[in-house]
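Undergrad: My request is simple: use the sequences and hints to build the entire structure.
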Amino acid sequence: MPYRQLYALLSAGLLLFACRPESTTTGTDWPLYSSDAAGSKYSELDQINVGNVDQLQPAWIYRTDDQGGRTNSTIECNPIIVDGIMYLTTPSLKVIALEAATGTERWRFDPFAGKRASGVNRGVTYWSNDNEKRIYFVASANLYAIDAETGTLVTDFGRDGIVDLHEGLGRDVRTTWVTAATPGIIYNDLLILGSTLGEGPAAAAPGHIRAYDLQTGAMRWIFHTIPYPEEFGYDTWSEDSWQHIGGANAWGGFTLDQERGMVFCGTGSAAYDHWGGNRLGENLFANCILALDAATGERIWHYQVVHHDIWDYDIPCPPNLVQVEKDGRLIDAVAQPTKMGHLFVLDRQTGEPIFPVEEVPVPVSDIPGEVSWPTQPFPPVGLRYTEQRFTHDNVTRRTPEATAFVRARLDSMDTGDIFLPPSERGAVTLPQFNGGTDWGGAAYDPHQRELYVNASNEAEWISMVRAEPPAEITRHQLGRNLYGSICSACHGFGDPKTPDSPSLQQIARDRSKAEIHQVLLNGKGSMPKFAALSEDERAALVAFLKDEGHEEKLATADLELSFAQEIPYTATGHREFKDPDGFPVNAPPWGTLSAIDLDAGQVRWQIPLGTYPELEAQGLPPTGTFNMGGPVITAGGLIFIGAAMDERFRAIDRETGEVLWQYQMDAGGYATPATYAVDGKQYVVIAAGGGGKPGTKAGNAYYCFALP
1 MPYRQLYALL
11 SAGLLLFACR
21 PESTTTGTDW
31 PLYSSDAAGS
41 KYSELDQINV
51 GNVDQLQPAW
61 IYRTDDQGGR
71 TNSTIECNPI
81 IVDGIMYLTT
91 PSLKVIALEA
101 ATGTERWRFD
111 PFAGKRASGV
121 NRGVTYWSND
131 NEKRIYFVAS
141 ANLYAIDAET
151 GTLVTDFGRD
161 GIVDLHEGLG
171 RDVRTTWVTA
181 ATPGIIYNDL
191 LILGSTLGEG
201 PAAAAPGHIR
211 AYDLQTGAMR
221 WIFHTIPYPE
231 EFGYDTWSED
241 SWQHIGGANA
251 WGGFTLDQER
261 GMVFCGTGSA
271 AYDHWGGNRL
281 GENLFANCIL
291 ALDAATGERI
301 WHYQVVHHDI
311 WDYDIPCPPN
321 LVQVEKDGRL
331 IDAVAQPTKM
341 GHLFVLDRQT
351 GEPIFPVEEV
361 PVPVSDIPGE
371 VSWPTQPFPP
381 VGLRYTEQRF
391 THDNVTRRTP
401 EATAFVRARL
411 DSMDTGDIFL
421 PPSERGAVTL
431 PQFNGGTDWG
441 GAAYDPHQRE
451 LYVNASNEAE
461 WISMVRAEPP
471 AEITRHQLGR
481 NLYGSICSAC
491 HGFGDPKTPD
501 SPSLQQIARD
511 RSKAEIHQVL
521 LNGKGSMPKF
531 AALSEDERAA
541 LVAFLKDEGH
551 EEKLATADLE
561 LSFAQEIPYT
571 ATGHREFKDP
581 DGFPVNAPPW
591 GTLSAIDLDA
601 GQVRWQIPLG
611 TYPELEAQGL
621 PPTGTFNMGG
631 PVITAGGLIF
641 IGAAMDERFR
651 AIDRETGEVL
661 WQYQMDAGGY
671 ATPATYAVDG
681 KQYVVIAAGG
691 GGKPGTKAGN
701 AYYCFALP
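Numbering-wise (the UniProt record's numbering), the sequence shown opens with residue 1 and increments by one.
Using 16 Å as the maximum straight-line C-alpha spacing, the simulated EDC-like pairs for lysine to aspartate or glutamate come out as follows:
no.	residue 1	residue 2
1	K546	D510
2	K513	D536
3	K326	D597
4	K326	D599
5	K115	E515
6	K681	E99
7	K546	E515
8	K133	D83
9	K133	D189
10	K681	D46
11	K513	E548
12	K513	D547
13	K553	E472
Restraint ranges, calculated between C-beta atoms of paired labels, are given here:
no.	residue 1	residue 2	range
14	P621	G51	20 to 28 Å
15	T152	D679	24 to 32 Å
16	K326	E149	46 to 54 Å
17	D172	G369	21 to 29 Å
18	A471	R116	40 to 48 Å
By construction, these hints were calculated from the structure, which means they are not laboratory data.
Owing to the predicted nature of the structure, the values given are computational and were not obtained by experimental measurement.
A virtual CB, placed ideally from N, CA and C, is assigned to each residue, including glycine.
TA: Laid out in structure tokens, this is it:
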């Protein structure tokens, strides 16, 4: 062999050794949420591949049988598989262990001891040593340690197996909603955990990130996402924000570079989402990509993707740990999908952008008291993978009647580019506040250095209203005002809502006043508790829900009004904006799946993800749909994804974006799949819980597929 060729091969080998791909799931298990600590959602399994995936068929279907006839439920769980055992969660937040090859149940754990419950949970965390195996899981405000072999509590963890997440946040938050929908991640002997919090104008807990001792449950460190005095970032808030502002929480989970001892996450917006006059400034570390020392919680670097968020543009998922070849060298990096459809690619060690990011002027808010930030960061055009603008020019052309209807509605609203601020007139935003990309995140192929990310591409509208009550008000009107401030964002205001957030007026008809009071005090399922409301406020809200109190006049000065005294403007909710037939108002695609070449910094292909069967029957090509859940990528050249509202599970060619196989489930797969092998046979599994934000019918099944 000529010397030059030998030298080149040796150099390439050394380069590959020094910059090897991030650790991925190379065995038969799917042991972590998103497959591995890097969040790749990648598997080296290739028994199922582009050449035979058309033969894929159900191996087993497991039904959780705990939906109880409810329509307001969903399953967002990415199950984990360890040593042939699958661990999953259910619509009523039970944990179940199955034989992964057959779907046979081994045990189940019910944190609510038979009481009716619901909510959102995306999975569990597994840990073992020479002596024991544990599952860590959160339901309501409790972190549980469960024996992975028996499904019973590990009583020497916390208090009899439980840690209360209200504790250790530096202020009294017992009247607020604190939970964690996404599993934590393990570094050495620590469980690092984020939180899911209230985001409305009511009091909210701070989203500080915490690490717990795996054995005892003791809190070992805390990172203040809303900085305390003398901490870095304190001067990016109003002076007393650290004492009363909530949010800035890492609700989407974590990724981990074990060798560097660095843990990464994205954080959400500060509360209240849509008015920030009481939190003036950029608001670090809200809406930030964070790199922390996993052992101590100390900040290594941060990168803020939205300054002073008033749109609810949370970072919904952790960044993928990736590599990028640039100028002849491989760079360890992180790639962060966002609700805005912006992909930020940063140097993993320093947090510096690998592709240039520009601060672009955006319209400023005209809401009194609000001081919105005048610029926002934009990555290069090649790393923007959704629509970024909505005007008369890109309204639906589905029918002439639909086009005319939408254009007439737009005449009274603000339209334009992304980051249009909420207004009293009403502002249309595209992408909407659910994304873009939501919690499902992206999958990464470490051999191709390519990212695969699904996104929703539908417009919605929001308007702001004054929250201050007049000197005299009826009990019904006070309740209506409260409903508009704290309930309508999820439950609507007389308009039909999704099964995930049904009309509270309809629910109230079937419940007593005492039952409604209890739900307000204690919360229920994914609905937070509103224990901070005064008795006067709860009575008024109940009166509105029961359609009473129209004639009962109250003097505002005589009432105890604890709620939102410092929030003068609130949003009327994230309002769906549909044409007369219920389809999105903007031109399709309404949902997409994109392959992004990270070396080039460009979208290589993009396809519509999902279809409306009624439009399909008319001969229309796939339009894409609103989607919720994430993709999986395998060495077999396949992307597996549910997510779309047509309730189909798809296998897609990684190279071309062609749909090679699809299966019609009985409910939507609004979750991230997992793939694994038992006794040499590869399986692919996805939760079909339906419901949720897409609003289709609810289900309670896990579908598992394999080759014949």
